[in-house]
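A.B. asks: Chains as they are written, first to last, in our numbering: chain C, 1 to 287; chain S, 1 to 287; chain Z, 1 to 287; chain L, 1 to 287.
Accuracy of the hints is not assured; some may be wrong.
You can't tell identical chains apart in this list, so a pair holds if it fits in one copy or across any two.
Said to hold, decoys possible - With a cut-off of at most 30 Å between alpha-carbon atoms, the simulated BS3-like pairs for lysine-lysine come out as follows:
| hint | residue 1 | residue 2 |
| --- | --- | --- |
| 1 | Lys70 | Lys30 |
| 2 | Lys142 | Lys69 |
| 3 | Lys30 | Lys142 |
| 4 | Lys142 | Lys241 |
| 5 | Lys30 | Lys192 |
| 6 | Lys192 | Lys69 |
| 7 | Lys241 | Lys70 |
| 8 | Lys69 | Lys30 |
Just so you know, these hints were derived from the structure itself, not from any lab.
Now for the letters of each chain:
There are 4 protein chains.
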Amino acid sequence: MSVILGPNRYGKAETRLVRVVRDGEVHHLKDINVSSSLSGEMESVHLTGSNAAVLPTDTQKNTAYAFAKKYGVDQIEDFALLLARHFVDSQPTIHHARVEIEEYGWERISGGHSFVRSGREVRTCVVHYDRDGRTSVVSGLKDLVVLNSTDSEFHGYIVDEYTTLQPTGDRILATAVAAQWRHASATGEFGKSYADVRQALLDAFAETYSLSLQQTLYAMGRRVLETRQEVCEIRFAMPNKHHFLVDLAPFGLDNDNEVFYAADRPYGLIEGGVLREDAPDAAFAWE
Amino acid sequence: MSVILGPNRYGKAETRLVRVVRDGEVHHLKDINVSSSLSGEMESVHLTGSNAAVLPTDTQKNTAYAFAKKYGVDQIEDFALLLARHFVDSQPTIHHARVEIEEYGWERISGGHSFVRSGREVRTCVVHYDRDGRTSVVSGLKDLVVLNSTDSEFHGYIVDEYTTLQPTGDRILATAVAAQWRHASATGEFGKSYADVRQALLDAFAETYSLSLQQTLYAMGRRVLETRQEVCEIRFAMPNKHHFLVDLAPFGLDNDNEVFYAADRPYGLIEGGVLREDAPDAAFAWE
Amino acid sequence: MSVILGPNRYGKAETRLVRVVRDGEVHHLKDINVSSSLSGEMESVHLTGSNAAVLPTDTQKNTAYAFAKKYGVDQIEDFALLLARHFVDSQPTIHHARVEIEEYGWERISGGHSFVRSGREVRTCVVHYDRDGRTSVVSGLKDLVVLNSTDSEFHGYIVDEYTTLQPTGDRILATAVAAQWRHASATGEFGKSYADVRQALLDAFAETYSLSLQQTLYAMGRRVLETRQEVCEIRFAMPNKHHFLVDLAPFGLDNDNEVFYAADRPYGLIEGGVLREDAPDAAFAWE
Amino acid sequence: MSVILGPNRYGKAETRLVRVVRDGEVHHLKDINVSSSLSGEMESVHLTGSNAAVLPTDTQKNTAYAFAKKYGVDQIEDFALLLARHFVDSQPTIHHARVEIEEYGWERISGGHSFVRSGREVRTCVVHYDRDGRTSVVSGLKDLVVLNSTDSEFHGYIVDEYTTLQPTGDRILATAVAAQWRHASATGEFGKSYADVRQALLDAFAETYSLSLQQTLYAMGRRVLETRQEVCEIRFAMPNKHHFLVDLAPFGLDNDNEVFYAADRPYGLIEGGVLREDAPDAAFAWE
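Excised from the complex, chain C in its bound form (with noise of 0.2 Å):
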């Protein structure tokens, strides 16, 4: 028998790390969570425990708090791909990082350095570099969760003999969207390319009368296409968040809509992407 080593990458996950700058009286906070994952010539500490080829998972954490030291931390990606690139570009035995980092956002209290952290969306991305010099650019939101209370219906499937679902013309559509989106190129301004994706989604979200929820997440997937220029593919999670309709007849009410169990499990599960004809390849930039 003849065993070998398989796809493998290492590294130091959930870092947390929070970048403050003084500009005077007036602070400002980032907030991050850092994950980096390296890969290159692995073999011998798999097969020998060699450790020669290997960068430790605390060197890629020290130089994650370095580098917000040195840089600063102000748009994730890009300060993802400076990790990226230095343990690639630093390490002939590192042939690609894949960084990932969650930003969590804080709004002001009042004065220069009171916060509240503001407890909606995460904010995510994941990039990719290796040795050479291609790069890969996902930015993404999870948690955001939203609800239309009318405007959606769900009728006209498959009825087979396990089918007990009654079909509805008005139901409550609730779904906490985890969204990734792939930049055509590496370098953006993230921040603003950020703010109208994530606008253009609840934004979609709200004014598609929605059949389906499979028919919500296109239009939302299309929006940001046809409104952000530099996304040429966006991928979603989305649960249907169930909200039933409580059966009130047996005290001689009527439920017009107005009183929901909001269930917990199970849930329905809507994964799809939505990309242009031309996008480039998306090569690793999903792994």
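Take the given structure of chain C and dock chains S, Z and L to it, following the hints.
C.D. replies: Chains S, Z and L in isolation, oriented as in the chain C frame:
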């Protein structure tokens, strides 16, 4: 040996309920989580399994849904009182009801029926009502995460043989505020009261130059009591969410309160209350 | 207006500590989570920010680690008492200590130093000690998930206008036991006691033909008090983890207690205690 | 601009299902969590909202329950295949099904119908089936937490300007194993296979003197492939659950690998696979 039944209560926990009010094209949304606990003549059910005195937890759930339809859901304190009074007043075997409600905030996206969940703090309440008509109302919030990036010191503490902490004249102070405040009366404008207390908490946190998290806690409580006459007592549980300054000296870099490691565990935990000297007796309010 | 400081305490929560004892080739492992809370002369720190009476939470953490080395960690109750007494006896400003410990179980894989975590229940304790020497010890467990697939009925309950539940003569009864039991004395063989209480809880759950979860709870408490003389009181919080019979009639199938939907929320929640008639006063034991 | 639909799938996630088999007084229990995802002719539902090709997620849930009754639930791989084949074979618009199942273990307490949940690892599987009859079966487990208290070193790694980690000749090595292994065939004795793979993983973890977590990972994968002919590839994600030696020198104490701080974040994350050189093509098995 003689064994007896001690304190007990039972109920339905975490009934997730969404109430929509349709005002023409404009919809209003209430998203709550209701938990009721009843007690009374419960010797038999424990000792013999006779359920003759038991209002099923399933019925408690149904009642929450039916009442949401019949009476609507405006302020959670009022809705909780409605339920508590119903259970006690309608069932002779139920002598006491405790109803706890969490409310999740939503903001409008656009149009009249599209919403995005505001993931910030959760609004809470706990009410009690017993067959003697005694009533208590405690409002609250949790997961209000706040941070001051300066104006916080910590020094002058006890130093014993196990103390290694160095005093600091400038640190990040961050916490996730969980606060509950007791109303002097069971009637009130709970919506306005909540908004004002929340603001008072944020203001006091932001405006307090802190020598200890205890001092900040007390200042927050004092601010609430000074500005909101309807509140007679407030209690807090505030974790000290440590942000440790990263040592960048090994990399030839200084770190003048710029780069921090946000730690998970362990964390400081400060619990304390502030009350009026003449606050009425709390009775069962905090149970 | 006169505002005063109410009850308060502070400490270090969730110090994760692993203690290894090397007995030649055979290693022994203790994996615990320590939380200490101190109170005493804390007026000044709240009102003025003076930390002169404050033993830092960082020092509390250090003490846990140092004591783990000095004294080892055998039974968590004993280790908690050691810490509690140290804080109060060594610091005049600290009048009361509460120490809570969770312990995570591990089993040997093979050889002397390889372990697999037993993810079942978590063992717990809470001890109190004050400067008058008063001491309390409460042991416990949580997340002990148990299920009877028959021998559970539910009927004979109150039926009001909001009751739709149908009585049943055979259902699944499942719960996640959280139990805490108070020792009559602060000294004892806590390891053996824990093992025996745990077994008594399992036995009573398995052997009780149940007409209500309350009855099962009481039977479990009674069994512990009958078999363990050192325990004077026990308290439970037991969610009724509903397993609903799935209606398979639309598919031409019967369902004789064979296929169930395990629901998340809402759930019943049964809380209650059992104690000896002559149990000593609990004082602060349950705080 | 031309925008197109990318890869997509939809289904019902996390259908919690408990199946009881009554063999006289002795009951048998299966506790599973089923997630199905279908794909096929889904252009219309995305672009126009027509559900004519859509088998509702609610029906997918119903089917899981009905099949549990009709066919029972023995090995999760077989049950997943049954569902996957049904969806594809019965619906012309469904070209591909992916079914994922988690199984939670229970042990008997005593008697025939009382069980306690074994909270250790979760058993998993993912199967695929398409209308060309192509089939893949991946079995797995997650949350298998293991620890070696010695026989682990880490040194000889790259040292760059950001490296501060000190080499060690003796450390704790701990991880939570998540492993998935691909079967060469879609038929097999999955129950015995699972038990043997699990044991091989534990044995290899315990018996490997480790110079890096990568080495341990590879040894575990190799052991499985060497002992289980039905497995052609295995993949791991293994966090390095750091246990840091606490510095007790300030307290005049040494710490010869006795007292550790178990850290949460950040953590190392090692991902990698091991496969037979002649393993058949994976196709969609890992999707």
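A.B. asks: Could you work out which of the previously given hints the structure breaks and list their numbers from low to high?
C.D. replies: Going through the list in order, the structure violates no hint and respects every one.
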